[in-house]
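> Residue-level listing of the chains:
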Amino acid sequence: GAGVSQSPSNKVTEKGKDVELRCDPISGHTALYWYRQSLGQGLEFLIYFQGNSAPDKSGLPSDRFSAERTGGSVSTLTIQRTQQEDSAVYLCASSLGTEQETQYFGPGTRLLVL
Amino acid sequence: DAKTTQPNSMESNEEEPVHLPCNHSTISGTDYIHWYRQLPSQGPEYVIHGLTSNVNNRMASLAIAEDRKSSTLILHRATLRDAAVYYCILRGLNNAGNMLTFGGGTRLMVKP
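Line by line, the protein sequences are chains A and B.
Numbering-wise (the working numbering), the first sequence opens with residue 1 and increments by one.
Numbering-wise (the working numbering), the second sequence opens with residue 1 and increments by one.
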């Protein structure tokens with residue numbers, strides 16, 4: 001079956017511009033996560049959606065970052081007024097939502113802020 | 001969350017077994033031990049997980065020490081495709097948010 005998909009695969013933007021990154025989770029998965037991975041670094045949790053519950057935003061690095069999940073499926077991560085330090089690979093994952101469930105990752109969006 | 005410690009890198013020859021260690025001395029009784037790996041230019045993928053008993057699946061085996069303060073991921077015959085960063089992650093039953101907390105992982109290099 002189809003895995004997690006993300007778009008675009010690559011995004012180059014200028015400092016100060018806004019960007020939107022999209023994630024299509026696996027059908028039926030109620031949990032959705034955003035992580036980011038800066039060059040040569042490990043993965044850093046950003047935000048978590050579970051069903052209709054309020055999202056866990058504890059990992060968002062600043063108020064320039066926001067995310068939404070419409071209809072319990074597709075999610076969009078928005079970065080406003082991008083900075084060069086936002087350059088990273090942004091990874092989305094989904095799972096069935098219960099504890100210990102495997103998370104399935106998408107291929108990521110590589111963001112470069114010039 | 002309890003912390004894990006892994007070697008930064010390891011090398012193996014193709015078709016030989018590989019033992020990737022992980023120390024987690026502060027593990028709690030309800031923490032599961034999960035392993036994910038990240039191939040170059042890809043998102044992480046699940047490998048295996050366990051609680052107390054050793055586990056086997058088609059990808060690997062997981063050997064858990066009796067005191068659970070360490071574990072070892074075993075690849076029985078390394079292939080070039082197994083070259084990746086391997087992450088050992090603890091997930092508690094009451095892990096708020098259920099997110100994965102990645103450390104630095106072990107970069108496995110496989111020589112032909």
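Any given hint could be a false lead.
Claimed, not checked - Result set (SDA-like, lysine to any residue): computed pairs, CA atoms no more than 25 Å apart in a straight line:
{"#": "1", "chain 1": "B", "residue 1": "K3", "chain 2": "A", "residue 2": "D63"}
{"#": "2", "chain 1": "B", "residue 1": "K3", "chain 2": "A", "residue 2": "L60"}
{"#": "3", "chain 1": "A", "residue 1": "K57", "chain 2": "B", "residue 2": "Y46"}
{"#": "4", "chain 1": "B", "residue 1": "K69", "chain 2": "A", "residue 2": "T102"}
Unchecked claim - Computed footprint of chain B on chain A, listed as stretches where at least three residues anywhere in the stretch have a Cβ under 8 Å from a Cβ of chain B:
{"#": "5", "region": "34–47"}
{"#": "6", "region": "103–111"}
What the hints assert, rightly or not - Some chain B residues flagged as far from chain A (calculated, every beta-carbon gap over 10 Å):
{"#": "7", "residue": "E16"}
{"#": "8", "residue": "E45"}
{"#": "9", "residue": "A83"}
It is worth saying that the hints were derived from the structure and are not from the lab.
Cβ coordinates follow ideal geometry from the N, Cα and C atoms, glycine included.
> Now, for every hint given, state plainly whether the structure supports it.
These are the hints, each one checked on the structure:
Taking the CA atoms of B/K3 and A/D63, the gap is about 28 Å. The hint is violated against a cut of 25 Å. Distance restraint check for B/K3 and A/L60: the Cα-Cα separation of roughly 21 Å lies within the 25 Å cut-off, and the hinted pair is therefore satisfied. Pair hint A/K57 plus B/Y46 holds up; C-alpha atoms about 24 Å apart against a cutoff of 25 Å. A hinted pair counts as satisfied when its Cα atoms are at most 25 Å apart, and B/K69 with A/T102 qualifies at roughly 22 Å.
Coverage of the region 34–47 of chain A by chain B holds. Counting CB-CB distances below 8 Å, 5 residues qualify, and the rule asks for three or more. Counting residues of the region 103–111 of chain A whose C-beta sits closer than 8 Å to any C-beta of chain B gives 6, which meets the bar of three, so the coverage hint holds. B/E16, annotated as away from the interface, keeps every beta carbon of chain A farther than 10 Å; the closest lies near 27 Å. At roughly 7 Å from the closest C-beta of chain A, the C-beta of B/E45 falls inside 10 Å, breaking its exclusion from the interface.
Look at B/A83: its CB is around 17 Å from the nearest CB on chain A, clear of 10 Å, so calling it non-interface holds up.
Consistency note: the structure conflicts with the earlier hints numbered 1, 8.
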